[in-house]
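J.: As a plain string of letters, each chain reads:
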Amino acid sequence: MDIVRRPLRSGAVATTSAAKNAQYRDLVRALQPIEDIVGHPVPRILMGGGVVGMEIEREHLVAVCRFLRDELNFDLLSCISGVDMITHLEVVYHPRSLSRNWIVQIKTKLPLDNPEVDSVVGIWAAANWLERETYDLFGIRFVGHPDLRRILLDDDFVGHPLLKSFRPTPLTWKDKATTQADPVAAVSGEAQRGIERHVPKHLGQGTLERLHPGTPTFGHAHQDALEDDMPAEEPEQGSQ
Amino acid sequence: MTLFTQIWNWLIDINGDGHGALQFIITFVFSFGFVMTSAAVLVYLERKIMGFMQDRYGPLHNGPWGLYQIFLDPIKLLLKEDVSASVTDNVVFHMAPMVFFAPVIASFVILPFSPYLTTSALETGIIYYVALSSLDVIGVIMAGWGSNNKYALIGGLRSAAQMISYELPLVLSLVGVVMLTSALSPACQGAHPNLAKCSIGSISLSDITVQQMHPWWLWFVLIQPLGLLLYYTCGLAETNRTPFDLPEAESELVAGYLTEYSGMRWALFFLGEYGNMVIVSSVATALFLGGWSGPGADLGFWTSHIGTLPGEIVFNIFATAWFIIKMYGLLSVFIWVRATLPRLRADQLMRFAWLVLIPLTLANILILGVVLLAIPGITLKLVVAGIINWIMLAGYIAFLGRVTGVSPVGRLPKRAQARLRVPEPIKALAPVER
Amino acid sequence: MVTEQKSTWPSIGPFYEEGAEGFRTEEMILNLGPQHPSTHGVLRLVLKLEGETVVQCTPVLGYLHRGIEKILENRPYMGGIRYMDNADYLSPMLNETAFVGAVEQLMGLEPPRRAQYIRLITNEMQRIASHLVGIGTYGLDLGAVTPILWCFRDREGILSLFEALGGSRFNVNYMRIGGVLHDFPPGWLRRLEQWLDQFEHHSLPELDGLLTGNEIFEGRTQGVGYIDPQQAIAYGLTGPCLRASGVSFDLRVDRPYGAYREIKVNPQVRQEGDAFARYRVRFQEMGESVRLIREALDKLPGGPISARVPVALRPPRGETYFAVESSKGELGIYLISDGSEYPYRAKIRGPSFVNLSILPELLRGHKISDVIAILGSIDIVLGEVDR
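Chains A, B and C supply the protein sequences, listed in that same order. Its first residue numbered 49, the first sequence is counted upward by one per residue in our numbering. Its first residue numbered 763, the second sequence is counted upward by one per residue in our numbering. Its first residue numbered 53, the third sequence is counted upward by one per residue in our numbering.
Note that these hints are calculated values from the structure, not bench results. Every residue gets a Cβ at the ideal spot worked out from N, C-alpha and C, and that includes glycine. Careful, some of the hints might be misleading.
[Stated by the list, open to error] A partial selection of chain C residues facing chain A, derived with a Cβ cut-off under 10 Å:
(1) V94
(2) P111
(3) E121
(4) K122
(5) E125
(6) R127
(7) A154
(8) L256
(9) Q282
(10) G370
(11) Y386
(12) G391
(13) E393
(14) Y396
(15) L408
(16) V437
Generate the whole structure from the sequences, applying the supplied hints.
T.: And the structure:
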């Protein structure tokens, strides 16, 4: 059982008192069974703000989280963060126990070539969007997530921006419009920029519609599916 | 007779009963001009009064107190480009504003501004008015249909349903007034009313107005306050005003029937709505608030002091002024209600009409009828009827919260429930980006 | 040239479904688009409707994503404070408090007591301002056009006080690591007390009378959008949404920071869990904030308003998680420092982002007209959702 107290700057008032240490001693003691789950001693570090931090391997993550929620009543998941540590990726979880007013930090290290970890959606429903965000910004895949897709960025965005290796990429050109069959999917992305295309409306109205860059097309410009029924009347604008 | 006498007779006294073509011309011009300018003035008043209620100035810069807005708003709407999207049914789309606006204009004829400025030929005032307000529904449906927009169609149908639902209590709340005129007519009074000759009351607005003047302060609102409140509530719903303005609300999802209209077409709907408000307020004034009666509107007083013709003129001016003051008072209440209340949801709106208003109006008629029949003596009849009605009004206000308060939580229709699946977690996902 | 692209959209379901008898039943997909008067920002909801009932709701986010977290990694700590204003743009002071609090917790630095009290006062003023916007816009969504103008009129008082204090009405950039930027200008405290008096005795009762007892308002909000407390905790809800479902969790009480260790907060909790309860919690929190400001003004200590901290601050290596009770919920900053002037990682846990995740679950089974009522009652700010 390790409690590491951070050295304070000179002149600052000490915020961690012996009484608080006693409170966190209970928490540290309660986290003992994790060592049985994981199979080896896990150092529990008292960090600033009364947060007790642990590092868990990704194989045992779901088991540990389930233990936390079921046994220790860590019912509110506050935060899931991804971190790019250049040599590896990390996922950091911050669950809270409302009844006992505890908060722990669970860190998982992921290798760069296979950044996958089990999803904790089955344990905390809040993890749904938080994991989607982490996937969106870091590329970390959460196995078992029911709906892992980008949430903050465009659906066809290339790259994961919060990685340290992300550089603003030049606009990529795609040969066709990237609309899906879904009529409410809007076209976004680079292929539409800078080119004007003439697309016939297929709702029986017969008016030609000129697409300006950035116009959402709501399925009208779906050339791929409709090529079987009607030949595309668009003049090729050299968009290759 | 000389030609001059014939023309004079035609102008002044065509039937020998004091009404002539001159009266018709003056009344027509005044009526038409008044209601139309009233609509424009009402737009300005709404912005100004709502502004003051919201702790801000309304229009301020164009003219003193922003009064030039009255002219500038219609001019702006006239100057707008006539945008009509490719619509399915051109005829329906273009005719809808006119179909909506025409009954409003046609309703002007029943308004009794003063004894001179009225067309007494229209003996069927109330029925005529109600029939015309039902025609507005056609205009709304035409607007929704012609817009080539499924959301506009849904909005139009919903608005039409709302207007139709509130027609019934509107008419029923006026029946009480008609019953009162029946009780007050001469053949029905006295210790032994001659029920064979007792007239069934009057549905002409000018007659009902006159009946409220024995004495001049005995307005029907004192005897039928619940009737006024119910009529006013139904008027709010007929004219699509808050809290019943779901069809025109911009923060609701489904677009209303007005979506595809812009410029002068929209202005016609708009003027129709405000004209409708003016009509509703005028009818309420004539039926409940004594119309043109008021201190100063005394024909005998003025004719005896000034002379016949100037006396009549001054009397009519006072009468018209009182009518306009009362009407604008009710219009201000329209605006006040809009500034205060949030919007009713569609199902609450319909429930309110069918489950609250119609039983209430029917109960009103029933109780009033029983009182008028059972109690002898005209004064006692009116007093008892008035007391009972005020008690009903107090009960209505007190218990209204109970009725509209509860909102049912939505439930999935069975078909959707069967098809609802919780998405299964997928074990491993294929890469989705290239 | 047909590119076979797998749809990345969830299975909303086929657009046409064959019924048992073989005829098609059509479910309508309605797009409550990014521009809409009632979505409180650029939020897009794709609703699948069956008649009037919402069967499925898919929020589409990201229209306001500006990459604030990435920006924070490329600015020094003091330069990064101002980017926190852009997250929840209706409560910038609270955002800044979270960020500087995280840095101070990382360094083990305790700001002077006067600075902590000033932070409490400005935070509570900001909370009032944010709740005023939330309540005003909620009334506007439901059709009441007057409360929003009264709320904004009261907000003007707060914003002009902020302008006198820090130079800017909205994004003040007032908090500094180790304290605050300026002390109160002369006359500011008196103006604040005047504003508090007229707000508490005039504006709050006015607003109360206009909305709370209104049968139409109650009819549209009571029983609508019920959130079970277990469900609320499972979805990570915090703030007024959680307290309206009966769970008394307030970071100012349970994990006090700054001057909240000396001034006690009464968390406003309601048991009903519907939209009306959320509205009432926010309303009562405004009254509670007024009381807290008054208490802080009474106990305001003297002294310096900031610790001496270098401009090009280099905190020691380490990581920390610090959360404040923002007007929307728990606003947490997970900060990793590598010893340089720039943060290594600054993750913003936006309460509106997590609160919004319950919306698809919540809207299922409600009618279209209730969508706006429920969305407005959660009171999201898109700047915090998208960052």
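J.: Look at each hint and say if it fits the structure.
T.: So, going through the hints one by one against the coordinates:
The interface hint given for V94/C is broken, as the beta carbon of that residue sits about 12 Å from the closest beta carbon of chain A, more than 10 Å. Hint status for P111/C relative to chain A: holds, with the closest Cβ pair at about 9 Å, below 10 Å. Restraint check, E121/C versus chain A: the minimum CB separation of about 6 Å is within 10 Å; hint holds. Nearest Cβ of chain A to the Cβ of K122/C: about 6 Å, under the 10 Å cut. The hint holds.
A least Cβ separation of about 8 Å between E125/C and chain A falls short of the 10 Å threshold, and the interface hint therefore holds. Evaluation of the R127/C hint against chain A yields a violated restraint, the C-beta minimum of about 15 Å exceeding 10 Å. Checking A154/C against chain A by beta carbon gives a least distance of about 9 Å; that is within 10 Å, so the hint holds. This hint is violated: L256/C has a C-beta 30 Å from the nearest C-beta of chain A, more than the 10 Å allowed.
Hint status for Q282/C: holds, given a least beta-carbon distance of 8 Å to chain A, under 10 Å. The beta carbon of G370/C is positioned within 10 Å of a beta carbon in chain A (closest approach about 7 Å), and the interface hint is therefore held. Because the closest C-beta pair between Y386/C and chain A is about 5 Å apart, less than 10 Å, the hint holds. A cut of 10 Å between beta carbons decides the hint on G391/C: the least distance to chain A is about 14 Å, and the hint is violated.
Annotation: interface hint on E393/C violated; nearest CB of chain A at approximately 16 Å, more than 10 Å. With a least beta-carbon distance of about 8 Å to chain A, the hint placing Y396/C at the interface is held under the 10 Å criterion. Among the interface hints, the one on L408/C holds; its C-beta lies about 8 Å from the nearest C-beta in chain A, closer than the 10 Å criterion. Annotation: interface hint on V437/C holds; nearest CB of chain A at approximately 9 Å, less than 10 Å.
Of the numbered hints listed earlier, those contradicted by the structure are 1, 6, 8, 12 and 13.
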